[in-house]
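These are the residues of each chain, in order.
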Amino acid sequence: MSELLNNILFLPEAASTFAERVDALHYFVVGTTMVMSAGVGLAALFMFFRYRRRLPAQATEYVVPTLKTEFLFVSVPLVFFLAWFGIGFRDFTWVTTPPKDAMDVYVMGKQWMWKFAYPEGPNGVNVLHVPANRPVRLLITSRDVLHSFYVPSFRIKQDALPGRYTQIWFEATKPGTYQVLCTEYCGLSHSKMLAEVVVLPAEEYDVWIKEQRRGRLQDRQDALADTSLVPPVARMVEQGQVLAGTQGCLKCHSVDGSQHIGPTFLGMFDRLERLDDGKDIRVDEAYITQSMMDPGAHLVAGYQNVMPTYQGKLQGPETAAIVEYIKSLRTANIREGASEGPAYDAIQ
Amino acid sequence: MTPSSSIASPGAAPAHDEHHDHHPNYLVDGTTIKSWLLTVDHKRIGLMFLFWVLLFFLVGGIFALLIRVELLTPGPTIMDAMTYNRTFTLHGLVMIFLFMIPAIPAVFGNFMLPLMLGAKDVAFPRLNLLSLYIYLAGAMLALWGMLNGGLDTGWTFYAPYSTHTTTTVAPVLFGAFIIGFSSIVTGINFIVTTHTMRAPGITWFKMPLFVWAIYATSCIQVLATPVIGLLLVLVTVENLFGFGMFDPARGGDPVLFQHLFWFYSHPAVYIMVLPAFGVMSEVVAAFSRKNIFGYRAVAYSSLGIAFVGFFAWGHHMFVSGQSTFVGGLFGVLTMLVGVFTAIKVFNWVGTVYKGAVDFKTPFAYFCGFLFFTVFGGMTGIALGTVSLDVPWHDTYFVVAHFHFIMVGATIMAFLAALHYWFPKMFGRTYHEGWGLVSAALIILGFNATFIPQFLVGNNGMPRRYYEYPERFQALNVASTAGASLLAFGFVIIAMYLTYALLYGRASGKNPWRSKGYEWLTESPPPTHNFVGPQPTYPEEPHFYVDPKKAEVPDAV
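Note that the protein sequences, when read in sequence, are chains F and X. When the count follows the numbering used here, it moves up by one through the first sequence with no breaks and lands on 348 for the last residue. When the count follows the numbering used here, it moves up by one through the second sequence with no breaks and lands on 1556 for the last residue.
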């Protein structure tokens, strides 16, 4: 039955638990509205014929609705509309509230690709691997303009906003490959911003992610006994950027060279800073790390000692990631003078 | 197409010639270019608006066809991606700001409102003329910007894309900003006219429903337009000088942009459809020779839509990252708009009950309108059902939905108004057969264009796509075929109406035997609307009861 309806309505395959809910309500709404509209339309057509004009200047009766009629006009649609809304809002709340045991995947939209990152695993571009029958939470952000992450077969969609994480979750029900589209207009190649979700059976996914992780660790000659995440540098920058946001660094430190409560991160690395005790210091990894853990130790001249310590708040790799992030803000073209644009990639 | 002196009043019967010697109709009272360009007559201003609005409709329509041709094949067809992005931006901007918003209020509102209120003109005739020139100045600036450099943001100008793009944002946004003033000025003028210039006998609840609709529309225009004006300035400034209102890297918030944008642009939908509802109330009453069933319910629901319309904007942002609770709130408020619209629909159908239906061209458009409003409204309710909006948001389903309710309903009303009031405005009649044929073509073409878009949206095709996956093609081809049918219908209308304008038969004063107030005066009306004493208004408009057996109940 629903297969037939799917074909009539051109709905793509329903491949997530949310898709089943959406489709059920969809049939209810579409079915009811079609019947109601047809009713109104047929009544109108009947009356056009029944009450056709017979004389050019025919007089008509003065007919006005009773209060009961008007009440009916209001209440019947209202009851249906509110019922649909009630079911719809329940499902909406459900899809915007990820279960606690969901696995996380970071999604970043960028003109014009989708990047995926697993907290303990690989990065990927334009291909997202997920296990079937396991809830997956997507933490979505953007690096430049608005994008929107849309998987028709899962019936999920969430905008990607620069400077903010949004979330949505899904549980894929069928292994297979599903298309990801961008639905928020994002410039020249908006329609080419495609990706795919590969849903693997749960066991295959576990094997896959293990292999991905092992491959990464083997690349490192000095693989540590600690098998927790030791990310490669490229990813650390992204992670650091996120951390700088989530840890509040960016509340006081700008990344575009502008004046703020603390010194700007832009071009900070390898800069010669004048300290408040008159000495100069070269900003390096050590100085940055020290400043995070003991901010007052070497205060840059002109700034107040207001920064809280991050000792104990940041894990080793997180500190490293933030340092890497600050280092990455040292590109040749933005190092000189004041910033001329946002710190994220300029739009061409 | 500016009417010239060659369109003398053929409507005048010989017996009335005497009158016309002293009171020429407004079309021939002064025939110099200057007498038109500097006129303060609301009827002439309405006609000039009609000319420009039709011209911009043509421009927007040509760009719509270019879009449809481009989408015939999944890959590039006739243009490159950048040209396509500029094309749909131009289509949206021209159609919305230059056609849909002024179409009915500035043309028919201007022309009919004073006639329906028994007034000699609008309250501020010079301001009225000014609004035309403000509109033209803004339109020219925006078009200049769009053709020199182009704009590729879509008509929604979403930040931060619009604040970063290197295309010509500033002149276009500033043009739209200027057009906003025209909208505000017109709104103020109509509000004041309605409050102060009603002829003796016309109480609030004896005003024609078209006046109610225009009144409600004007309230929205005056209250909402300043918001988008400010927003456009903010975006321009951010684009030119790098302010940080909407840029998260500078502490701004891109979602703030959307709130400000939709706070205007959602009520703007009602700026477009409320006048359409008003026209239809007039047409259905006139052609079924019946008083409006539930007059007060229809009048109040116009105000209701105008009011609730202000609190529904967030339904454009269910997946934008606003909170779930807020999504629910906007969802429920959206449902109320649906209920108010349902009241209108039921009462229009009720008006036909025990009427005397004359199935003329305007009534054919009423049928199309009924279908588009119900279908468009119902899909709107479906979109307001929060969870369903998640997959549909920003797909062709939404495109099809708003074309149905906003464009379909408005175009139906615009054409119905054009045909219903054509004899009033020009004193001539058009060929009824061609009218019905083209109405059928347009209604058919419209459905053939947009029903496939509902389906392709269901299937997951996002809007503003230059290229698309192969599986969407069949429906896109169907949609393009429908669009050509639609365009063909418009060509026919243009031909027979132009012919009617030049050679049409004289229509007489009131060819429809309508009891709308605007038909109490001559067709076309004399310069100051009435010859001799002001007409009296003993009955409510559209009172078709046989006076001999009239037992008029007090209006409900």
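Hints are not guaranteed to be accurate.
[To be verified] Straight-line C-alpha distance at most 30 Å; calculated DSBU-like pairs for lysine-lysine:
id, chain 1, residue 1, chain 2, residue 2
1, X, K1034, X, K1354
2, F, K279, F, K210
3, F, K115, F, K192
4, X, K1206, F, K68
5, F, K100, F, K174
6, X, K1206, X, K1509
7, F, K68, X, K1120
8, F, K68, F, K192
9, X, K1515, F, K68
[Unchecked claim] Partner residues are not named here, just some residues of chain F that face chain X (Cβ under 8 Å, in silico):
id, residue
10, L11
11, P12
12, R54
13, K157
14, D294
15, G296
16, L299
17, V300
Rather than coming from a laboratory, the hints here were simulated on the basis of the structure. The C-beta atom is built at its ideal place from N, Cα and C for all residues, glycine as well.
Hints, one by one, checked against the model:
| no. | hint | verdict |
| --- | --- | --- |
| 1 | X/K1034 x X/K1354 | violated, 50 Å |
| 2 | F/K279 x F/K210 | violated, 50 Å |
| 3 | F/K115 x F/K192 | holds, 14 Å |
| 4 | X/K1206 x F/K68 | holds, 23 Å |
| 5 | F/K100 x F/K174 | holds, 22 Å |
| 6 | X/K1206 x X/K1509 | holds, 22 Å |
| 7 | F/K68 x X/K1120 | violated, 41 Å |
| 8 | F/K68 x F/K192 | violated, 55 Å |
| 9 | X/K1515 x F/K68 | holds, 28 Å |
| 10 | L11 | holds, 5 Å |
| 11 | P12 | holds, 5 Å |
| 12 | R54 | holds, 7 Å |
| 13 | K157 | holds, 5 Å |
| 14 | D294 | violated, 28 Å |
| 15 | G296 | violated, 26 Å |
| 16 | L299 | violated, 25 Å |
| 17 | V300 | violated, 22 Å |
Hint violations for this structure: numbers 1, 2, 7, 8, 14, 15, 16, 17, all remaining hints satisfied.
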